[in-house]
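Residue numbers (the numbering used here), protein chains in the order written: chain A, 3 to 518; chain B, 33 to 400.
You may find that some hints are simply not true.
The calculated lysine to any residue pairs, modelled on SDA-like cross-linking and capped at a C-alpha distance of 20 Å, are [as the list claims (entries may be wrong)]: (1) LYS44/B <-> ALA276/B; (2) LYS348/A <-> ALA276/B; (3) LYS384/A <-> LYS44/B; (4) LYS258/B <-> TYR385/A; (5) LYS271/A <-> PHE254/B; (6) LYS393/B <-> PHE18/A; (7) LYS22/A <-> LYS393/B; (8) LYS348/A <-> LEU270/B; (9) LYS219/A <-> MET239/A; (10) LYS258/B <-> TYR366/A; (11) LYS258/B <-> GLY375/A; (12) LYS271/A <-> PHE378/B; (13) LYS272/B <-> LEU311/A; (14) LYS313/A <-> LYS258/B; (15) LYS124/A <-> LEU106/A; (16) LYS75/A <-> HIS13/A; (17) LYS271/A <-> LYS44/B; (18) LYS378/A <-> ARG365/A; (19) LYS274/A <-> CYS97/A; (20) LYS62/A <-> GLU17/A; (21) LYS258/B <-> PRO369/A; (22) LYS264/A <-> TYR366/A; (23) LYS378/A <-> GLU257/B; (24) LYS264/A <-> LYS348/A; (25) LYS279/A <-> GLU297/A; (26) LYS258/B <-> GLN368/A; (27) LYS62/A <-> LEU389/B; (28) LYS271/A <-> GLN368/A; (29) LYS272/B <-> GLU235/A; (30) LYS378/A <-> PHE254/B; (31) LYS388/B <-> ALA407/A; (32) LYS272/B <-> ASN275/A; (33) LYS348/A <-> LYS272/B; (34) LYS219/A <-> GLY230/A; (35) LYS388/B <-> TYR58/A.
Some but not every residue of chain B turned toward chain A, in silico, with C-beta under 7 Å [unchecked claim]: (36) PHE186; (37) THR260; (38) ALA267; (39) LEU270; (40) ASP273.
Please keep in mind that the hints were generated in silico from the structure rather than gathered at the bench.
All C-beta atoms, glycine included, are put in the ideal place defined by N, C-alpha and C.
So the chains spell out like this:
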Amino acid sequence: MSEDYIIEMLHITKEFPGIKANDDITLQLRRGEIHALLGENGAGKSTLMSVLFGLYQAEKGIIKKDGQEVQIKDPNDANRLGIGMVHQHFKLVECFTVLDNIILGVEDTKHGFLEKEAARKKVMALSEKYGLRVDPDAYVSDISVGMQQRVEILKMLYRDNEILIFDEPTAVLTPQEIDELMEIMRGFKKEGKSILFITHKLAEIMAVADRCTVLRKGRYMGTKDIAGTTKEELSRMMVGRDVQFSFEKKECKPGETLLSVKDLVVPSKVHKNNAVKGVSFDVHAGEIVCVAGIEGNGQSELVFGITGLEKASAGSIRLCGKDITNASIRVRSRDGMAHIPEDRHKYGLVLDYSLEQNLVLQRYWQPEFEEHGVIKAEAVRKYSEGLIDKYDIRSGQGPLTPARAMSGGNQQKAIIAREIDRNPSILVAVQPTRGLDVGAIEFIHHSLVGERDAGKGVLLISLELDEVMNLSDRILVMYEGEIVGEFRPKDTDVQELGLYMSGAKRNTAGKEGIAV
Amino acid sequence: MNKKKSLAENAKFVSILASLISILVGLLLGFILLLILKPSDALGGMQAMLGTGFSSLDKFGKVMYQAAPLMLCGLSVGFAFKTGLFNIGASGQYTMGAFFALIGAIVLQLPWWACLLLSLLGGAIWGVFPGLFKALFNVNEVITSIMFNWIAMFLVNLLIANIPVMLASAWGASNSDRTAALASANPGAIIPKGGLDAVFGNSSWVNISVFITIVVAVIMWFVLEKTTFGYELKACGLNKDASAYAGINAKRNIVTSMIIAGALSGLGGGTYYLAGTIQYVLEKSILGMGFNGIPVALLASSNPIGTIFSALFISYIQVGGAAMQPSFSSESTNIIISVIIYLAAFALLIRGSIQKLLSRKKAKEAES
Numbered sequence: 003m004s005e006d007y008i009i010e011m012l013h014i015t016k017e018f019p020g021i022k023a024n025d026d027i028t029l030q031l032r033r034g035e036i037h038a039l040l041g042e043n044g045a046g047k048s049t050l051m052s053v054l055f056g057l058y059q060a061e062k063g064i065i066k067k068d069g070q071e072v073q074i075k076d077p078n079d080a081n082r083l084g085i086g087m088v089h090q091h092f093k094l095v096e097c098f099t100v101l102d103n104i105i106l107g108v109e110d111t112k113h114g115f116l117e118k119e120a121a122r123k124k125v126m127a128l129s130e131k132y133g134l135r136v137d138p139d140a141y142v143s144d145i146s147v148g149m150q151q152r153v154e155i156l157k158m159l160y161r162d163n164e165i166l167i168f169d170e171p172t173a174v175l176t177p178q179e180i181d182e183l184m185e186i187m188r189g190f191k192k193e194g195k196s197i198l199f200i201t202h203k204l205a206e207i208m209a210v211a212d213r214c215t216v217l218r219k220g221r222y223m224g225t226k227d228i229a230g231t232t233k234e235e236l237s238r239m240m241v242g243r244d245v246q247f248s249f250e251k252k253e254c255k256p257g258e259t260l261l262s263v264k265d266l267v268v269p270s271k272v273h274k275n276n277a278v279k280g281v282s283f284d285v286h287a288g289e290i291v292c293v294a295g296i297e298g299n300g301q302s303e304l305v306f307g308i309t310g311l312e313k314a315s316a317g318s319i320r321l322c323g324k325d326i327t328n329a330s331i332r333v334r335s336r337d338g339m340a341h342i343p344e345d346r347h348k349y350g351l352v353l354d355y356s357l358e359q360n361l362v363l364q365r366y367w368q369p370e371f372e373e374h375g376v377i378k379a380e381a382v383r384k385y386s387e388g389l390i391d392k393y394d395i396r397s398g399q400g401p402l403t404p405a406r407a408m409s410g411g412n413q414q415k416a417i418i419a420r421e422i423d424r425n426p427s428i429l430v431a432v433q434p435t436r437g438l439d440v441g442a443i444e445f446i447h448h449s450l451v452g453e454r455d456a457g458k459g460v461l462l463i464s465l466e467l468d469e470v471m472n473l474s475d476r477i478l479v480m481y482e483g484e485i486v487g488e489f490r491p492k493d494t495d496v497q498e499l500g501l502y503m504s505g506a507k508r509n510t511a512g513k514e515g516i517a518v
Numbered sequence: 033m034n035k036k037k038s039l040a041e042n043a044k045f046v047s048i049l050a051s052l053i054s055i056l057v058g059l060l061l062g063f064i065l066l067l068i069l070k071p072s073d074a075l076g077g078m079q080a081m082l083g084t085g086f087s088s089l090d091k092f093g094k095v096m097y098q099a100a101p102l103m104l105c106g107l108s109v110g111f112a113f114k115t116g117l118f119n120i121g122a123s124g125q126y127t128m129g130a131f132f133a134l135i136g137a138i139v140l141q142l143p144w145w146a147c148l149l150l151s152l153l154g155g156a157i158w159g160v161f162p163g164l165f166k167a168l169f170n171v172n173e174v175i176t177s178i179m180f181n182w183i184a185m186f187l188v189n190l191l192i193a194n195i196p197v198m199l200a201s202a203w204g205a206s207n208s209d210r211t212a213a214l215a216s217a218n219p220g221a222i223i224p225k226g227g228l229d230a231v232f233g234n235s236s237w238v239n240i241s242v243f244i245t246i247v248v249a250v251i252m253w254f255v256l257e258k259t260t261f262g263y264e265l266k267a268c269g270l271n272k273d274a275s276a277y278a279g280i281n282a283k284r285n286i287v288t289s290m291i292i293a294g295a296l297s298g299l300g301g302g303t304y305y306l307a308g309t310i311q312y313v314l315e316k317s318i319l320g321m322g323f324n325g326i327p328v329a330l331l332a333s334s335n336p337i338g339t340i341f342s343a344l345f346i347s348y349i350q351v352g353g354a355a356m357q358p359s360f361s362s363e364s365t366n367i368i369i370s371v372i373i374y375l376a377a378f379a380l381l382i383r384g385s386i387q388k389l390l391s392r393k394k395a396k397e398a399e400s
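Use the sequences and the hints to build the structure in full.
Shown next, in the form of structure tokens:
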């Protein structure tokens, strides 16, 4: 074999307590190619890349650079070998400028003082060459997520890295920004750089990659030339079975108004401005209303306001006709509001509680489970066993499994089981499929549509446009704390939504919304 | 299925084993320290530390007597821990509890059980403040309760010094730097011995407080593990955001949790000073008992039942340490006690390495 591999990871095995995250995985990166690493969440992609970047040490297997075996003990070693990485969650110092962030760790000094001029020239030259628009003097806290990502990319280029790892780079971008990123990646390829591109989005792989390595549950499933394969084949390799891409659902027959939000204002926790600036909309029985938008445009705060986790500073919220603007969370929950929170570890679960304790988190105080202040252990056990059975929640020790020890998908299933089983009239679901594998996503989508068909109102907040287009009956686009557009999925497309999401277009006349 | 069960059973075994190993390591290091300080007396000192508690029934009675307030302070700290609060104010609550109990005993001439109830009240009052400040103004409970330790100490000194009837001098003794001996002031306020003195060779120390305390520990365990109240408190402690999400009133829970923690420490003060063997001396520094509750709670991972044993252990080495004193200064015995307790708190660390060892062994077995 005289293939020109720049990096080879051969038979890598990495174990964590109780799980083999990587089991005999081989990945060979050719010089100057874009190589996609595809797999569901939990398939071991990030672990494999962390091994390459020196964050973890593999128990078995070797790494070769240009045919020579190398030891990568920490990210500094990786850097010396020319390996750079854009992490899924950016590693930037918020209160530093863009330039400071780029040179951080490799600063030039003269007599102990920083020398930034040469660095600035180099950064600007790189920025120009690859079309990576940044403002070197802006503070990271002030720039958009897209620009933050460009800063991360410039960090790699500034260090003259020739192997660039992108970990789920498109998750935070608008469709337009994704196209731009693809173009930049092609530019790198032309310059002879080699790219590892981690993703679970097939369309992006088909668009930009040369080859693709697929992992499933920590195992190596094979490497394919993109030219000779199809989306369907890759997804079958990734999931292990055929996957439905489109979603059939009955026609929407909206009924009475269940949730009515009027001129809602919610303050921000991070800055002085309001995060939600006078938002109004209704959710009716039997419909899924979807709030689309780029992360950080007030969706989280909107949900906090509606569910009561944050106090609204103005406006009103009515649940089934009853004013709940100032009601406590317990009252809202009792009156029929269920909430699948955005951050399942922070809000959705008490991770050190067992599964059964978590399954009654919203109902432990009901007479069904409590008598004279004492929890009815048997009732809790029976109830949770029922839910585990009905919703197929898998875990090591059944009801007694600590929530922390469960997989992300099963944790989310537990939350969904808990919330749906309360038989709510309105279900607020925030990014319910974030970080889950295809199987779990299908399940959750079916559950949400099931609730809608049962005459419940569903308010879905999602960053995934595919999800928005597939599930919703009505789409509200949120930008900088306001609703800037309202659509029906059949009358719009991803590109148009993208324009509204990025603030390039707004529909001020649409305040009244679409008649339902 | 079978394999998983054995692993779950292991967890308890492993954590007990880890505690034992870390205690052993602590003793070993303590012994090395003794060797460095005074090689000729090291062996004798170690024997005194380890043997004294069991050497006579009287000494064992003292272990039990000291264990009761330690246990209660440990329960107090542990209970607050479980709800996510660090109650470093156990000392102040303990002092207040002692004060209330003594007021009841000497000024009000109440029976012992009423005095114990008063000590609960005194501690609870001292727990309210850090709780309220935390709940209403988000002031860190550590800062408030440290300050309240000092306030309690000086306030109690001031009050006792200005209530002449409280002082020993009012009851026929000559010293006015301490409270009256209960034997002369109000024998009915002394916690009964319940026949234990006969069992423990006429020990002047032992009384029923250790059993009262064990009952309290069991009640605390029940509250935490079996009631909705405990479920809410622990949820707040483990994940504040999730408990808010579930509609649990975190503020109310912070206050009630601090009240209960304060009451427990206060009861500790009551049991200590109502034994009739010790008089409250006007102090110049904060009483150590409340702080000793912290290692007691840590050693037991805040588990109320575990607290019973960790308090007995610490009380035991304290009694042993006191017996080392002719050949070792009280400072050096305190250092050694601290080293032992400090290392005992390494149990968590050791637990991790035992688990690693076990899983490696299992993996090897599986391979072969």
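Pairwise hint evaluation, GLY375/A against LYS258/B, where the allowed Cα distance is 20 Å at most: holds, 9 Å
Is it true that the CA of LYS62/A sits at most 20 Å from the CA of GLU17/A? Distance of about 10 Å is within 20 Å: holds.
Regarding the pair LYS279/A and GLU297/A, is the alpha-carbon distance no greater than 20 Å? Distance ~16 Å between LYS279/A and GLU297/A Cα, so the pair holds.
So, as I understand it, the hint says PHE186/B touches chain A; can you test that by seeing if any CB pair is closer than 7 Å? violated, 39 Å
Pairwise hint evaluation, PRO369/A against LYS258/B, where the allowed Cα distance is 20 Å at most: Roughly 15 Å between the alpha carbons, so the hint for LYS258/B and PRO369/A holds.
Take a quick look at whether LYS264/A and LYS348/A sit within 20 Å of each other, Cα to Cα. Violated, because 28 Å separates the two Cα atoms, which is more than 20 Å.
So if I understand the rule, the pair passes when the alpha-carbon distance is 20 Å or less; does LYS313/A with LYS258/B pass? Violated, because 33 Å separates the two Cα atoms, which is more than 20 Å.
Holds or violated: the hint that THR260/B contacts chain A, with Cβ atoms closer than 7 Å. Hint holds; THR260/B Cβ to chain A Cβ min 5 Å, cut 7 Å.
CA of LYS272/B to CA of LEU311/A, is that 20 Å or under? holds, 12 Å
Starting from LYS378/A, check that the Cα of GLU257/B is at most 20 Å away, please. holds, 11 Å
Within 20 Å, alpha carbon to alpha carbon, are LYS219/A and GLY230/A? violated, 24 Å
Hinted pair LYS348/A and LEU270/B, Cα distance within 20 Å: holds, 11 Å
Checked against the numbered hints above, the structure breaks hints 1, 3, 5, 12, 14, 17, 22, 24, 28, 29, 32, 34, 36 and satisfies the rest.
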